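The residues making up each chain are set out below.
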Amino acid sequence: MAQVSDKPKFVTKGEIKVPPIRDLTDSREGIAPGHRLCTGCVAGIILRQMFMAAEAAGYTLVIANATGCVEVCTSIYPHTSWKVPWIHNAFENAAATISGVEAAYKALKRKGMLPSDKKVKFVALGGDGGTYDIGFQSLSGALERGHDFIYVCYDNEAYMNTGIQRSSATPRHAATTTQPAGKVIPGKPQPKKWMPEIAAAHGIPYVAQAAPSHFNDFMRKFIKALNTKGPSYLNVFCTCPRGWRAKEEEGILISRLAVETNYWPLFEVEDGKWKINYKPKERKPIEEFLKKQGRFKHMFKPGNEYLIKELQEDVDKRWERLLKLEQL
Amino acid sequence: MAVTMIEERKVVPYSGNMAAAEALRQINPDVVAAYPITPQTEMMHFFADFVANGLVDTEFITVESEHSALSAVVGAAAAGARAMTATAGPGLALMWEILGVASGMRLPAVIALVNRALSSPINIHGDHSDMMGARDQGWIILVSENAEEEYDNLIQAVKIAEDERVRLPVMVGMDGFIISHSIEGVSLLKDEEVREFVGKQRMFHPLLDVEHPTTHGAIAMSDSYMEFKRQQREAMMNAYKVIREVGEEFAALRGKKYEHIEAYKTEDAEYILIVMGSAAGTAKYVVDRMRERGEKVGIIKIRTFRPFPYYDLADAIVASNAKAIGVMDRAETFGGYSGPLFEEVCTALYTRNKFYPIAGLIYGLGGRDCNINHIEEAFDVVKKKAAGEEVPPVTYLNLQV
Chain A
1 MAQVSDKPKF VTKGEIKVPP IRDLTDSREG IAPGHRLCTG CVAGIILRQM
51 FMAAEAAGYT LVIANATGCV EVCTSIYPHT SWKVPWIHNA FENAAATISG
101 VEAAYKALKR KGMLPSDKKV KFVALGGDGG TYDIGFQSLS GALERGHDFI
151 YVCYDNEAYM NTGIQRSSAT PRHAATTTQP AGKVIPGKPQ PKKWMPEIAA
201 AHGIPYVAQA APSHFNDFMR KFIKALNTKG PSYLNVFCTC PRGWRAKEEE
251 GILISRLAVE TNYWPLFEVE DGKWKINYKP KERKPIEEFL KKQGRFKHMF
301 KPGNEYLIKE LQEDVDKRWE RLLKLEQL
Chain B
1 MAVTMIEERK VVPYSGNMAA AEALRQINPD VVAAYPITPQ TEMMHFFADF
51 VANGLVDTEF ITVESEHSAL SAVVGAAAAG ARAMTATAGP GLALMWEILG
101 VASGMRLPAV IALVNRALSS PINIHGDHSD MMGARDQGWI ILVSENAEEE
151 YDNLIQAVKI AEDERVRLPV MVGMDGFIIS HSIEGVSLLK DEEVREFVGK
201 QRMFHPLLDV EHPTTHGAIA MSDSYMEFKR QQREAMMNAY KVIREVGEEF
251 AALRGKKYEH IEAYKTEDAE YILIVMGSAA GTAKYVVDRM RERGEKVGII
301 KIRTFRPFPY YDLADAIVAS NAKAIGVMDR AETFGGYSGP LFEEVCTALY
351 TRNKFYPIAG LIYGLGGRDC NINHIEEAFD VVKKKAAGEE VPPVTYLNLQ
401 V
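For the record, the sequence lines run as chains A and B. Take 1 as the starting number for the first sequence in our numbering and just add one per residue. Take 1 as the starting number for the second sequence in our numbering and just add one per residue.
Fair warning: there could be bad hints in the mix.
Here are the computed lysine-lysine pairs in the DSS-like style, where the Cα-Cα straight-line distance is at most 27 Å [stated by the list, open to error]:
(1) B:Lys200 <-> A:Lys118
(2) A:Lys119 <-> B:Lys200
(3) B:Lys200 <-> A:Lys111
(4) B:Lys200 <-> A:Lys109
(5) B:Lys190 <-> A:Lys111
(6) A:Lys309 <-> A:Lys193
(7) A:Lys106 <-> B:Lys200
What the hints contain is simulated information worked out from the structure, not anything from laboratory work. Everything numeric in this text was worked out from a predicted model, so none of it was measured.
Please work from the sequences and hints to get the whole structure.
Okay, here's the thing in structure tokens:
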């Protein structure tokens, strides 16, 4: 038998129920303690939530990791933090690598060289640099080809591992080392690229945006992606205490503020249908999110009020667009 | 199991691309990922047809770039699959970063390479610039003289790559258009023979063994990076032996032996040309013709470019009566003394503490014609060199100025 193309489809019908978190805390860890992620790094929390969801849904994950914080902090030879099959290839090709792994899985299973009773799911994992920028082409290709995998972007809005350089995920006016807040240019001039809509435009079965502060929502979305045949794309908010000049213990608080200010709306796109998962009763002003972080410090200097206003405009514009998309 | 198409050995009129595609069909890899690029495209057309008609069991990934093609092949090979791709010129250049990943991870992947020039100016025709650019990325490099050799080399490549003493990827080059698109007689093996020869791949800590999870492609700091590289060097040294062994095993099947080099009429030769790729065929013809005129000439064809057969080459030269040598390079190395092959030949002679006058000859760039006249011209330069005449470090053959 030659290759059979499986039409990607969204197979999860009805609501996904995430087991109580206290039951999940006993689940097997996919990542061992002793990794080298920074204190307060939220990427580690995202990984644990991913593994808890996978355990709850009965899946074993096989991960392809793009070069980035998570990769360098978990795989320093001769040690590894990974208790699941894990591969790192290069910066820009996590999606292409997982395409190869998934294709190999199909071929070997067909030839009877792999057990067929396992629920295995393929995950490509990358930061925003490896996703929005250098890995964009490889990701787009893999989404278009319809491989059965989940792409998880932990979006910390800059090239954190290489020294906090701007990426296309960096929000307008944030200070980074390649676009610092100077006397003439006050941080990054361009607004943040909106990756989830680009992913959705590929017509893939499932796209979602999530935040680790809203862990039930994130885990529910990850389980949906697990149960989806074909590609899913998850954009996950990931605070970075080092790059954001934020307090180590405030990662989840900042994540919550990002959602409450509409800076990071929670939504999902199932088979092209947009749905906002959380609408704050009273949207908090963006300042509440900004003031917790040193990367926005310059925006609070007298005479710079316009910077906050402009970023608020970006946030409001995106929210309005989301509301319209939901009406479609 | 893929169906059997060729039940009896036969000679067919095939182009290099057809022969390579046929080899791929008979090998029946688990995963092939490819992106179209001239002059490789045709090979993948044939292969896509095999996939579409169920003649192979292969998962065929039609990627969006060569970079992703090799990236997917790395993923598939690490997963435990037999994985292959095909490319040419700029495509190989785009794969460059991942070439090192594949060899550093010790993955037995195979590239069917159709040698093509690199930009700029853009040129789709054959030369060895692409392969020379990939020279130091830890791949075993075999070079084919004609379509049948490309077919034979690809079948051997699988076995060489997967040998546990080696575990290195292999690329098999053939000159773009000159071999890839020219029809010639190609003797095919039976499907069954090829299947038996390549055997079943032995998985080596496959990623897909989820019960025994492994980490592939870890980061190595300065305390261990060099040890990995040292092991790659060792694997290349092993490959030198293994290529020979596989060549002998193949000879038993085929009745045609493949060695690292092929010395053609060199025993008593006074003037020797060292050639790689399709020009070797033309050069053999020229040698025959010149020998009829009583001229003592010979050629040495390089089949294994990496690991480079320094001792085989040096011994073959020392065993001859060479007064001078000419090295034909189908690639430039700008700022170097002559071409890249030239430097390897000098090194080879150094291993035996021998000195010969050597003339550097650069030819055929971007598919520029290299016919019998140009080979004769090359021998003229070598004779001049032998006579002690002044010869420039590089003579461009068939240059239109």
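The hints, checked one at a time:
| no. | hint | verdict |
| --- | --- | --- |
| 1 | B:Lys200 <-> A:Lys118 | holds (23 Å) |
| 2 | A:Lys119 <-> B:Lys200 | holds (26 Å) |
| 3 | B:Lys200 <-> A:Lys111 | holds (12 Å) |
| 4 | B:Lys200 <-> A:Lys109 | holds (15 Å) |
| 5 | B:Lys190 <-> A:Lys111 | holds (22 Å) |
| 6 | A:Lys309 <-> A:Lys193 | holds (19 Å) |
| 7 | A:Lys106 <-> B:Lys200 | holds (17 Å) |
Checked against the numbered hints listed earlier, the structure breaks none of them; every hint is satisfied.
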